[in-house]
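Read off the chains here:
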Amino acid sequence: MTDQTNDQAPQVDANAPKSAEQPDRVGLAKFLYSMGLLRESPAAMIGVTVITFWVFIAIFADVVTVYEPNANDYAATLKLPFSGGDHWLGTDLLGRDTWSRLAYGARATLIIAPTAMVCAYFLGIVMGMLAGYYGGWVDNLISRVSDIILSFPLIILFIIIISVFGASALNIIIAVTLAASPGIGRIVRGLTLDLRNLEYVSAAQIRGEWGLYIMAIELLPNARGPLIVDACLRMGYTIITIGILGFLGLGLPPPDPDWGGMVKDGAAMVLGGSPEMAIIASIAISSLVIGFNLLADGLREISTRD
Amino acid sequence: MAVFILKRLFMMAATMVVASALLFALMEFTPGNVASKTLGPYATQEQKDILYEKLQLNDPLLVRYFRWVGVLAGVMQDPLQDPELKLGFEDPRGDQYFGNFGYSAKYKLPVNDVMWRKLGNTLTLAGIAFGIIVPLSLIFGVLSGMREGSLLDRALSYTGITLTSVPEFASAVFLIAIFVLWLGWLPGTANMQFFDQWSWASQMVLPVAVLVLYDFGYVARMVRGSMVEVMTRPYIRTAILKGLPYRTVIMKHALRNALIAPFTVILLQIPFLITGVVVTETVFGYPGFGRMLLESASFGDVTMVEAATLIAVFIAVATQLLGDIGYMYINPRIRFT
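So the sequence lines, in the order shown, correspond to chains F and X.
Here the numbering used here is used: the first residue of the first sequence is 1, the next is one more, and so on.
Here the numbering used here is used: the first residue of the second sequence is 1, the next is one more, and so on.
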């Protein structure tokens, strides 16, 4: 049953009230129209370009790279980038191709971060909707639990969860979900409180619709605007978080490539005079986060316009 | 007002109890028990069994949690300090006093001897960073929010996005590459040991810079947003139209109202800084609270992690409370019931 809530999220509700001047666009057409508005924001376009680039690299990681990410080429260890030869971005201490590790690291990041976000949003939306729609003790219980989780400095929560349960993609996803969902729940709760007393909700209630139906079909689609912007921003922070975990040695277990882990390995050699790998991996993470933040900025601009 | 604060203080205590209990349960899943961690890898199984028995680690989780609370509250003796165990653990404060966080299995010292010193180091680092972030972001935020869409505004806006997008470890790598490797102006570590030419101040520059860079963009953008909103209000238009100098409009009418919203944001940065502190301390080898927490968590040092988390949660909740009280004070429109 609860899956339904999630499936409905990206759909556009044709019953949503439209302002008078807005052309009558529904469904996909409306979505494409608002995406078209993004073109007017150069920053957002840069963001989209950067994200598309990394998504492309992540999907075609095995096509755009020559070497296996974990393969050691002991004949060519610690090669500098752009120094000629086969490894154009250089190699690390173990002779692993930096470009291959970067590409497969993009794949890891772009699988873990969105998965964690979907889980966090699912949990957060369920929590926030229940709290906002039903109020009373449900609201109290959910809000108090959220308060407790939110009062934990997040990094401590991550460190403890990961160091207790071990470093793996699944545990990273669980930790991010647990840590992010109360914040999302709080936003959704606020949006639900705003929407709850509108006429179309009362209409649905009088029709005798179930609470779940009202939440999924009437409330959620109308709360999606601010949530999409928030999701974009959160995606950036989640990528940073995954990077931090990798950097602290709590990321994907070696030898699998992971951007944060690459910075960590590279940072150990920075003071020895070869900062190249750390810099390359840092640029990769930063660019992807900048991409998401620029996109979020553009989306916010559009959403305040209409 | 008093009722509100009392209510919040109660919530704060409840949060800390729940948090510490959850943590206690969570730490159960770390491999190895307190006895084997305390004795280290070279202890015989027999020794471990004796300690295991003495510490009554067979008791249910809840009983051991309350025993831990008892030691903390000073109503029970710390079992690890029992001279019969011949561990040589001795706390100069005695084995039973209020605020006894117990003995750290990792550092082989009383938690109180390690934690407060590290916390002090971290507060110094975070305090300096905070002292730079707040005025800097207020100035830039107000300046760019004053004239929305101006060149300064757009420049700051994109600088802010970029800065908040670069994680602390990445900016640390960039800064070290530039200022340590390339220019050679600063040391690449901040371990607070002074064997070479690098002074305390020179060691602090890069860690502080990393924290400032990450946080500045975010806070400045918040201040800007609030300032932009205030500038569109009718009372600002009125003030301009009645012929007041622009300076007076900004200083007397806009600023006070524009700083209400960022006040909470700024206070919320304090718990937020903790994350930055963990990363920064790890990069620069700074002997602080964050690195201590990371190390004791990966070691599975229950007493240390419990103590550190309690302190961190306390800081987070206390700043929230302080933020709410201050918010009420500077914004008389808000009344809590």
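What the hints contain is simulated information worked out from the structure, not anything from laboratory work.
Predicted model, so just to flag it, every value in this text is computed and none were measured.
The beta carbon of each residue, even a glycine, is placed where N, CA and C say it ideally should be.
Misleading hints may appear alongside valid ones.
What follows is a list of derived Cβ distance ranges for each label pair [said to hold, decoys possible]:
{"id": "1", "chain 1": "F", "residue 1": "M35", "chain 2": "X", "residue 2": "G243", "range": "40 to 48 angstroms"}
{"id": "2", "chain 1": "F", "residue 1": "G136", "chain 2": "X", "residue 2": "P92", "range": "37 to 45 angstroms"}
{"id": "3", "chain 1": "X", "residue 1": "M1", "chain 2": "F", "residue 2": "I206", "range": "36 to 44 angstroms"}
{"id": "4", "chain 1": "F", "residue 1": "T77", "chain 2": "X", "residue 2": "G184", "range": "25 to 33 angstroms"}
A quick look at each hint next to the structure:
The given range of 40 to 48 angstroms is respected by M35 of chain F and G243 of chain X, whose C-beta atoms sit roughly 46 angstroms from each other. Separation of G136 of chain F from P92 of chain X is about 53 angstroms and departs from the stated range, judged on CB atoms against 37 to 45 angstroms. For M1 of chain X and I206 of chain F, the Cβ-Cβ distance of about 42 angstroms falls inside the hinted range of 36 to 44 angstroms, so the restraint holds. Remark: the range hint 25 to 33 angstroms for T77 of chain F to G184 of chain X is upheld by a beta-carbon distance near 26 angstroms.
In this structure, the one hint that does not hold is number 2.
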